[in-house]
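K.L.:
Sequences listed follow chains A and B, in order. Note that numbering that gives the first Met the number 0 has the first sequence beginning at 0, numbered continuously upward. Note that numbering that gives the first Met the number 0 has the second sequence beginning at 0, numbered continuously upward.
Please keep in mind that the hints were generated in silico from the structure rather than gathered at the bench. Model, not experiment: these values are computed from the prediction. Some hints could be false.
[Stated by the list, open to error] Computed list of lysine-lysine pairs in PhoX-like fashion (alpha-carbon distance at most 20 Å, straight line):
1) B:K79 with B:K119
2) A:K278 with B:K65
3) B:K119 with B:K65
4) B:K85 with A:K278
5) B:K136 with B:K102
6) B:K138 with B:K65
[What the hints assert, rightly or not] A short, non-exhaustive set of chain A residues, derived as facing chain B with CB atoms under 7 Å:
7) K43
8) E46
9) I267
The C-beta atom is built at its ideal place from N, Cα and C for all residues, glycine as well.
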Amino acid sequence: MGELRLMKGNEAIAEAAIRAGCDGYFGYPITPQSEVMEYLMAEKPYESTGMVVLQAESEVASINMLYGGAGTGKIVMTSSSSPGISLMQEGISYLAGTQLPALIVNIVRGGPGLGTIQPSQADYNQAVKGGGHGDYHMIVYAPASVQEMADFVATGFKAAFKYRTPVMILSDGAIGQMMEKVYLSDPVPRRTEEEIISQCPWATTGRPPTRDHNIITSLDLDPAGQERLNLVLQEKYRKIEENEVMYEEIECEDAEYIFTAFGLSARICQKAIELAREKGINVGLFRPITLFPFPKKEIRELGRKVKGIMVVEMNAGQMIEDVRLSVDSDIPIEHYGRFGGIIPTPDEIVNVLENKIIGD
Amino acid sequence: MTEEIIIAGFGGQGVLSMGKILAYSGVMQDQEVSWMPSYGPEMRGGTANVTVIVSDERISSPILNKFDTAIILNQQSMDKFEDSVKPGGLLIFDPNGITRFPKRKDINIYSIAASDEAGKLGLSIVFNMMVLGGFLKLKPIVNLENIHKGLEKSLPSRHHKLIPDNEKAIGIGMELIQPIQVLES
């Protein structure tokens, strides 16, 4: 089961990266995720595994360092929080356009603008629908516990290389700052140069006489060429939708109503389920773990069995659009959200369920 | 068993570390735990609080608005959290600096003059452990052996020489805590 520790979510991400054989972390401090780099700097993996840990001069610099590292086939990551992630959007679009693997962690805080340092889920659309320019997606994981913060690092690296795509862990300040038990998996060694050359034939690892230059660019002035690239990307996203969907159903077997929530909101909804069931309301939780690919089929099927769905998010209603696009039955689908760093309470959620969904 | 606790006071009183030691002791006892600190603007304002949950079962929300126990170490926290104690729940406070005593009639209230006592004994650095001792006297959710392991795990090794003082403080706190209002059970 691995080594047991009590850790903050941010620390778990950092430790998991070292153990997953990460080659390089590039970042710039911002609350509420600065512990990721703090932890790495204290652990000094550059002295043990040889992993590079570098504080860049800005978020724009860190995402472009990621771009360079990914181009050479290295396992690279960055982390930031909402305003910093906004600065990285150009680089993320380039990573998608050049089909490079990289892991980006967003410990979301309340916005818009500089906002607040308190937790939020208002970056759902930015993470899931693009954020940068062009038709692209990232695979987006939404951890709801410190254990998942750790687990999704290795999962994310694996998916990034499998599909040659940027991957995001979309979490929030609360899960970043809180401590829970975490079982850490055993460390895997960083890949050797030879392994990288054989596993990443696309990478700029130095041209041997046996092949042409590998060129990494997202520029193709010929529209036909650019359309071909887009078709390749779209085919890749359909494969991701077929193979990578992750979700969790909690107490859905006998549920008449369901909450749909991701990340921290899903944890709070679990408390709301306890309170609602004490009142005799049979409610369950559908938790998308991957936000892209969204578990469309699964929630559609659940929607055919229940009397109503309440989407709980720490935003003004973003994931609810994907729920509405997926569900095809004629049931009420309502949203409850708090914004700007305010966290909804379990009591509030039960009240809204009673008034907005059941009351109908 | 699930115990949902808020510990609240000034920054520097050891609020977060008291919660961490309690949480780590729960881990040593093979229980589920969560530790959710205030890290936002309230910290910049000088107050600190932490929600600790220790449970035999998987923990649902790490963030709560109702608690089984509130451990309150300053007036601001009394104002903010007295109403958050569940009916029948427990409120423990250190009277030092408290200008308005708790008014609730439906909860158990205990007082622990830990900051005065710790000052007299020259143990101010482990004041928080006296308070923890008082709590554990009333709700022994973790045993002393696991507290010892929790201290070893949560304190950096350069502070391990302070473990005996920490444990002494827990014992003093157990003696020091006084009932103010105890509900008929």
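K.L.:
So, for every hint listed, does it hold in this structure?
P.N.:
Going through the hints against the structure:
1. The straight-line distance between the Cα atoms of B:K79 and B:K119 is roughly 29 Å, outside the 20 Å bound, and the hint therefore fails.
2. Restraint check for A:K278 and B:K65: satisfied, since their Cα atoms lie roughly 17 Å apart, inside the 20 Å limit.
3. The straight-line distance between the Cα atoms of B:K119 and B:K65 is roughly 35 Å, outside the 20 Å bound, and the hint therefore fails.
4. Of the supplied pair hints, the one linking B:K85 and A:K278 holds, its CA atoms being roughly 17 Å apart against a limit of 20 Å.
5. At most 20 Å may separate the alpha-carbon atoms for a hinted pair to count; B:K136 and B:K102 exceed this at roughly 23 Å.
6. Restraint check: the Cα-Cα separation between B:K138 and B:K65 comes to about 18 Å, which is no more than 20 Å; the hinted pair holds.
7. Checking A:K43 against chain B: minimum C-beta separation of about 16 Å lies over 7 Å; hint violated.
8. Look at A:E46: its Cβ only gets to about 19 Å from chain B, farther than 7 Å, so that hint breaks.
9. A distance limit of 7 Å between C-beta atoms decides the matter here; for A:I267 the minimum to chain B is near 4 Å, and the interface restraint holds.
Comparing the model with each earlier hint shows violations of hints 1, 3, 5, 7 and 8; every other hint is respected.
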